[in-house]
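Undergrad: What follows is each chain in one-letter form.
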Amino acid sequence: MIRVVLPAPLKKLARVEGEVTLDTKGQVTQRAILDALEARYPMLCGTIRDPVTHQRRAFVRFFACEQDWSHESPDTPLPAAIANGSEPFMVVGAIAGG
Amino acid sequence: MGNVRVLVGTRKGAFVLHSDAKRERWDISGPHFAGWEIYHIKGSPVDPNRLYASQSSSWFGQVIQRSDDGGKTWYQPGTPPGESTTTPDGTPKGESNKFVYDTSSETGKPLTTHQWYDGTAHPWEFKRVWHLEPSLADPDLVYAGVEDAALFRSSDGGKSWQEVSGLRGHGTGSSWAPGAGGMCLHTILQDPRNSKRMYTAISSAGTFRTDDGGVTWKPVNRGLHSLYIPNPTAEVGHCVHRIAMHPSRPGVLYMQKHWDVMRSDDAGESWNEISGNLPTDFGFSIEVHAHEPDTIYVVPIKSDSEHFPPDGKLRVYRSRTGGNEWEALSKGLPQKDCYVNVLRDAMAVDALDSCGVYFGTTGGQVYASTDSGDSWAPIVRDLPPVFSVEVLTLP
Chain A
0 MIRVVLPAPL KKLARVEGEV TLDTKGQVTQ RAILDALEAR YPMLCGTIRD
50 PVTHQRRAFV RFFACEQDWS HESPDTPLPA AIANGSEPFM VVGAIAGG
Chain B
0 MGNVRVLVGT RKGAFVLHSD AKRERWDISG PHFAGWEIYH IKGSPVDPNR
50 LYASQSSSWF GQVIQRSDDG GKTWYQPGTP PGESTTTPDG TPKGESNKFV
100 YDTSSETGKP LTTHQWYDGT AHPWEFKRVW HLEPSLADPD LVYAGVEDAA
150 LFRSSDGGKS WQEVSGLRGH GTGSSWAPGA GGMCLHTILQ DPRNSKRMYT
200 AISSAGTFRT DDGGVTWKPV NRGLHSLYIP NPTAEVGHCV HRIAMHPSRP
250 GVLYMQKHWD VMRSDDAGES WNEISGNLPT DFGFSIEVHA HEPDTIYVVP
300 IKSDSEHFPP DGKLRVYRSR TGGNEWEALS KGLPQKDCYV NVLRDAMAVD
350 ALDSCGVYFG TTGGQVYAST DSGDSWAPIV RDLPPVFSVE VLTLP
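Chains as they are written, first to last, in numbering that gives the first Met the number 0: chain A, 0 to 97; chain B, 0 to 394.
A hint or two may mislead.
Computed list of chain B residues with no C-beta within reach of chain A, every gap over 12 Å [unchecked claim]: (1) Ala20; (2) Leu140; (3) Asp155; (4) Gly275; (5) Gln334; (6) Ser371.
Here are the in silico distance ranges between beta carbons for each label pair [to be verified]: (7) Phe58/A to Ala176/B: 40 to 46 Å; (8) Ala95/A to Pro122/B: 54 to 60 Å; (9) Cys64/A to Asp211/B: 57 to 63 Å; (10) Gln66/A to Pro377/B: 22 to 28 Å.
Hints were generated in silico from the structure; no laboratory data involved. All of these numbers come straight from a predicted model, not from anything done at the bench. Every residue gets a Cβ at the ideal spot worked out from N, C-alpha and C, and that includes glycine.
Please work from the sequences and hints to get the whole structure.
TA: As structure tokens, this is what we get:
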């Protein structure tokens with residue numbers, strides 16, 4: 000079971016509170032998590048990554064185990080702690096303002 | 000008697016205001032979609048409980064929202080509350096957020112490119128929906144004007160969108176170039192007497208018309224004069240800010256251009272300047288009285304670098320002669336130290352016997368007049384900056 004933390008605007012859009020839990024098939028990668036997330040919450044399609052190219056939106060970041068995975072390949076396996084659910088995969092909106 | 004629903008889109012959410020025909024006391028609901036930019040909300044003329052909203056953010060992109068109960072509840076089309084979020088074969092719904100430009104059927108490559116700021120060819124990139132225009136006849140048919148400039152159409156109540164690509168593909172698309180504010184399709188006008196005829200306006204390409212239901216389009220900009228382009232009378236390249244028509248006279252169009260207020264009496268084939276005695280002919284919004292096709296309203300803004308009213312005085316200007324002769328309307332509006340802007344989609348009228356006129360400001364006020372503009376009062380103030388105001392006159 001994968002745990003995913005969404006930013007507040009997307010939790011509201013998906014009508015969820017707290018973390019989201021997902022099951023993925025095969026290796027646990029960014030792509031596998033986002034595919035599963037969008038399948039379960041289709042209202043999030045296009046909000047985290049482009050709906051056609053699947054490129055990460057510029058102001059969205061992916062954190063896992065206190066590391067920034069935003070620039071990693073979406074097919075790189077994520078740490079075991081993400082795969083076994085002991086740590087959440089975090090979708091983060093970039094800070095704006097001053 | 001009837002009553003009125005005012006739909007307000009702001010930088011940080013949407014608000015729905017409701018009043019009876021007296022328009023003295025207003026119930027306000029919102030913010031809906033708090034924290035998101037709401038470029039536009041508009042109701043269907045044939046089903047006023049059907050509303051469409053463009054919700055977007057720099058972080059999370061474009062979301063289309065729909066209400067079937069006049070704004071009490073909202074959902075993304077295709078994903079109604081309580082309904083399965085996948086199709087029977089497991090395919091995710093959620094196509095309502097997807098705006099994909101057409102590609103060439105022959106090559107599979109992008110239909111065309113447009114001019115970039117440095118003069119190079121640049122691919123079309125979807126950024127957001129600026130304007131939603133529900134059909135005059137079918138509540139499930141709605142058009143979307145988007146940035147980068149293109150027209151999209153949904154015939155299933157916003158669940159899925161297809162480009163009306165004849166607009167970009169008519170021949171001049173490759174020469175369009177964005178202004179400082181980007182390249183957006185912001186105005187969509189439907190001819191109520193001819194379902195095949197429609198107008199769009201694009202900053203900064205100009206005005207375009209179709210007479211065959213969107214298959215083919217042509218620029219209709221003759222008579223426009225713009226000093227900020229190399230050829231001031233070019234076929235395209237004009238920064239049109241908004242166009243408006245009265246439904247009883249669809250061949251007459253009014254335009255607020257970057258500079259100049261213009262009028263066409265021949266469905267856009269030619270335009271004449273009607274700025275007349277305006278204190279400045281720069282501005283964004285233009286609107287027509289509900290019952291008087293020759294009565295029009297603009298809000299003059301000082302200049303393209305100083306986006307506020309001249310002399311710090313917020314004044315609507317009204318012409319009752321279809322242009323050229325304008326009178327300042329200031330009763331009830333701030334007449335000192337006012338430095339707000341009124342954006343292109345932020346003015347609307349109701350259709351009650353005594354026509355109501357409404358506009359929103361970047362300072363967060365929405366002003367209304369129940370006497371065709373003679374006097375004004377704020378119906379809400381201290382909202383986030385107002386992007387759009389639309390009005391539904393209810394039975």
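Undergrad: Would you mind marking each hint as holding or not holding in the structure?
TA: Right, here's what the structure says about each hint:
no.	hint	in the structure
1	Ala20	holds (35 Å)
2	Leu140	holds (22 Å)
3	Asp155	holds (15 Å)
4	Gly275	holds (44 Å)
5	Gln334	holds (34 Å)
6	Ser371	holds (41 Å)
7	Phe58/A to Ala176/B: 40 to 46 Å	violated (26 Å)
8	Ala95/A to Pro122/B: 54 to 60 Å	violated (26 Å)
9	Cys64/A to Asp211/B: 57 to 63 Å	holds (58 Å)
10	Gln66/A to Pro377/B: 22 to 28 Å	violated (51 Å)
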